[in-house]
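**Q** If you want the building blocks of each chain, they are given just below.
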Amino acid sequence: MHHMKKIALGCAMLLAAGVVPAADALKIGMMTTLSGPASGLGIDIRDGFDLAVKHLGGKLGGLPTEVITADDAQNPDTAKQITERFLKKDKIDIATGVVFSNIMLAVAPAFIGAETFYISANAGPSQLAGEGCSPYFFNVAWQNDNLHEAMGKRVQDQGIKSVALLAPNYPAGKDALTGFKRFYKGDIADEIYSKLGQLDYSAEIAQIRAAGADAVYIFLPGGMGINFIKQYAQSGMMKKVPIFAPGFSGDEDVVKAVGPAMEGLYNTTHWYREMDNPANKRFVADFEKETGRLPTLYASQGYDAALLIDAAVKAVGGKVDDKAALRKAFETVKAPSVRGEYRLGNNHYPIQPYYLRQVVKNADGSVSNKFVAKVMDAHVDAYAKDCKM
Amino acid sequence: MPSTPTPLTQGLPSAWSAIGVAVALAIYPLLMSVAGQDFYIGLGSRVLILALAASALNLVLGYGGMISLGHAAFLGIGGYTVALLAQGGSAPAWLAMPLAVIAAAAGAALIGAVSLRTRGVYFIMITLAFAQIFYYLAVSLRGLGGDDGLPMLARVELPGLSLGDDIGFYYFVLALAGLAFMLLYRLAASRFGRALVAIRENEQRMAAIGYPVYRLKLAAFTLSGGLAGLAGALLANLSLGVTPHLLTWHQSGILIVMVILGGSGYFWGGLTGAAIYMLLEESISTHTEHWNLWLGALLLFIVLVAPEGIMSLRRKPAKAERA
Amino acid sequence: MLYLLLEQGLNGLQYGLMLFLLAAGLTLVFGIMDVINLAHGSLYMIGAFLAAAFYQHLENYLAALLLAILATALIGALLEQTLYRRLQKMSHLSQVLATFALILIANESVKIIFGAQPLMLPVPEMLYGPIELVEDELYYPRFRMLIIVVGVLVALGLYLLVNRTRIGMWMRAGASNPGMAAVMGVRIQPLFTFVFALGAGLCALAGALLGPLLAVNVGMGESILIPAFEVIVIGGIGSMRGALVGSLLVGMIDTVGRVLLTLLLKAVSDPATANSVGPTLASMAVSLLMVAVLYFRPQGLFPARG
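Protein chains in written order, with this note's numbering: chain X, 11 to 399; chain E, 12 to 334; chain V, 4 to 309.
These are calculated hints, taken from the structure and not from any lab test. Be aware that a few hints might be false.
[Stated by the list, open to error] Now the in silico label distances, taken between C-beta atoms and shown as ranges: (1) E:T297 with X:E341: 52 to 62 Å; (2) X:Q137 with V:L5: 18 to 28 Å; (3) E:Y225 with V:D139: 57 to 67 Å; (4) E:E212 with V:L163: 38 to 48 Å; (5) V:R169 with E:R197: 26 to 36 Å; (6) V:P306 with E:L42: 54 to 64 Å; (7) E:S28 with X:K299: 35 to 45 Å; (8) V:Q192 with X:K101: 33 to 43 Å; (9) X:K101 with E:L42: 19 to 29 Å; (10) E:R226 with V:R175: 32 to 42 Å; (11) E:V45 with X:K69: 28 to 38 Å.
[Claimed, not checked] Partner residues are not named here, just some residues of chain V that face chain X (Cβ under 7 Å, in silico): (12) N63; (13) P181; (14) A218; (15) L268.
Heads up, the beta-carbon is just placed ideally off N, CA and C, and yes, glycines get one too.
Build the full structure now, drawing on both the sequences and the hints.
**A** This is the structure:
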């Protein structure tokens, strides 16, 4: 009996000392939205991630890497089922890919419960940034409020006196506007809530005109944003009451879909295409070569997620089963990135600068985003202070 | 368009086939556990739950001829009831599950009372309208979690059975679904079931004979809603939470597809349809990003080969002989 | 305030007429062929994508619109000949399953062919921007004006087609009793092909007209399928008049209702409550309208049969 205890103690000590064998391969679970109206976003995250793996010679952290891709179809229940498959059947080491926060919230408890690291390449819900932060959850994109906060600050700094706000009528819409108002202290001319998935925005456009604001801030993800911007431009309002929007509403896919009518729209991001660093130059050139599309925010985030995993796995020498060491590595490693330097805060969300872009007309009549100014530096999200881990 | 004449007891299984299905379902998780395929136990629970929901719909759609495109509402009511009760941590199963069924049945009684004034496509659309109302409520109200839905920290609690465990939960689902199937079997074989089928075939004649047509249909609709609510409550437990996606018309549509796929009006139609749909989705989607294309093509093929559903294939030779 | 309401009235009219283009085809196919076509929205999506694709090559909106209508009508005719002809003989339930499968196939095919990102279909230069209807008070986008004009013309054209032409007579005969019509010498199969192609062409017209206003992306068909079905159910399935009245009713309630409800609530309660309750009620307004109409008139406003 005594002898047994000794052996057990020995084993425990060995484990504590970190004698975990290095894995001989790495399995990544890439679950994202690949079908339905929002499939463009998920496809960009996946293609960005895959490009990084290709750039790294098919290896992340020196380990031959298999990326298992799955389509959540923007359905939380489907996502739940895929998560089960990832954890119990495929036995993945690290997961990434989810676009939407409601899906992230549905599956995060399962990953966290199984002590599997999740590196979010987009979804950054507040629930996982404050009290509910987790040692196993990391985000390489931004906390959901950040782009709205950055625009709030910019509009404030620009001295705009009065703003109309527009968002779909659901809690995420109200949270987004709250994020904007955290930094914008001027007059709110009107706060308009539309239907989720709405097609026709003529009523809202009339209200914005009636409100007599100097600018309008919109939170309308996906097709809703495209619908609104197209209709707004045609109503001749673009020049009179300019649109300020979060980066994803002014991204390359939206610019491509709306066309020249989009000229003049301001948007805030943590990355822009012309960024002057070698990693970004290579990413932008090769992404366009591989896919025939201009990279979006989503693509850059997928790429950066792979770079972070690569750096962290390298730092632990491929010993991905040593959870404590790997966590430390994710928290502290200086991963290269297409957005320049960023670091992860105490709640595992990025602390980084935010920039203003504007859609401008080029010499050939086409339109594209142009960098305007830096809005914020090393911005910490509003929930980090509540995170204790 | 007249529907094909059907014997009143069409598709009712023999006692032996029912026992066979029950035994197979009971040993399934043990086999999977031995084979080390734990993932398939959870998937089995999901198939059973959807089979329950599809069978509940089959009662009104297949037996009663009422095409409801609003059963997502009852799934949702059941799911949200359990999730609300569990907000404090966890809820006892004996309280949460019956309450979910009662809430969903009450909702179904109200919706049915209004909707059953209409027929055919009008009935399809009015049930859809009610479901949409519930969807927009769930999405808009912060108390219901909006778009994020309501997460649950733990499954409901049952003394003596660990529901947090995959196998334990599977048997919990199997027991409740089994009870529901027994109830449906008794109903289908009863005077009530026969009257329901007869109303589907010729409502005017049944009314002329003196059957309380409206009340019978409402009773079936209420019961169906209650059972769908049970499925919703189980789904919330399986997924540890509910989201408004459970209330979308897409969800109602999938349930209809499952029933038609399996064979509407056949007792095992719901179970067969749910199992085939889930297995198709699961197996095709792991192989290709374009799984929707193949799923669509297969469904189309099945409609053209077996327009009355998979379960009807077993009967084909007999029909041919009669003809 | 008056002008705000006036503008909303125009918007409701425009949205309603847009819905009518889809509802007309849906109600024709259902009324005459007795087919529930869930894939009607997919034809609208295909029309919009084809218009956008033609535009990219030709850079001429009108040409792209006409080509898209022709191509979609052709696709519709082919679908009728190969698939819907068989579905017609099946139960409504089988039709639901088959056309649901078609939605899946159409969405994925469009994604494979055109990519997952939304396409661009801009407003032609000469129709860009607003017209000033009342100085400084009432502006209205030219393109939306065009939609109103086209919608009215199509409604008129369909009325004349159904009530004043020989084909229209056949269509009415086919709708009320296909067997008898066939015996009396109406060639019923070509008639069905024509009706289905007409419905598909109207879908493409709607897709090409709405393309400059809405996102042209995968799944756009489903977002408009439900309003279109709501319209024909409120109006009475199979009735062209019902489709028109239903469209205008839904269009008005959806646009005007949204603004009015919030304004009314703001008058009786504090702005915060109004801002949250108003839009929630407005989201449900069309569903509530449908429930109310069907409660009092279970066959819709203008029952087509019996």
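**Q** All hints, please: hold or fail.
**A** Verification of the supplied hints:
no. : hint                           : in the structure
1   : E:T297 with X:E341: 52 to 62 Å : 33 Å, violated
2   : X:Q137 with V:L5: 18 to 28 Å   : 46 Å, violated
3   : E:Y225 with V:D139: 57 to 67 Å : 59 Å, holds
4   : E:E212 with V:L163: 38 to 48 Å : 42 Å, holds
5   : V:R169 with E:R197: 26 to 36 Å : 58 Å, violated
6   : V:P306 with E:L42: 54 to 64 Å  : 56 Å, holds
7   : E:S28 with X:K299: 35 to 45 Å  : 60 Å, violated
8   : V:Q192 with X:K101: 33 to 43 Å : 57 Å, violated
9   : X:K101 with E:L42: 19 to 29 Å  : 20 Å, holds
10  : E:R226 with V:R175: 32 to 42 Å : 39 Å, holds
11  : E:V45 with X:K69: 28 to 38 Å   : 36 Å, holds
12  : N63                            : 15 Å, violated
13  : P181                           : 36 Å, violated
14  : A218                           : 4 Å, holds
15  : L268                           : 12 Å, violated
Checked against the numbered hints above, the structure violates hints 1, 2, 5, 7, 8, 12, 13 and 15; every other hint is satisfied.
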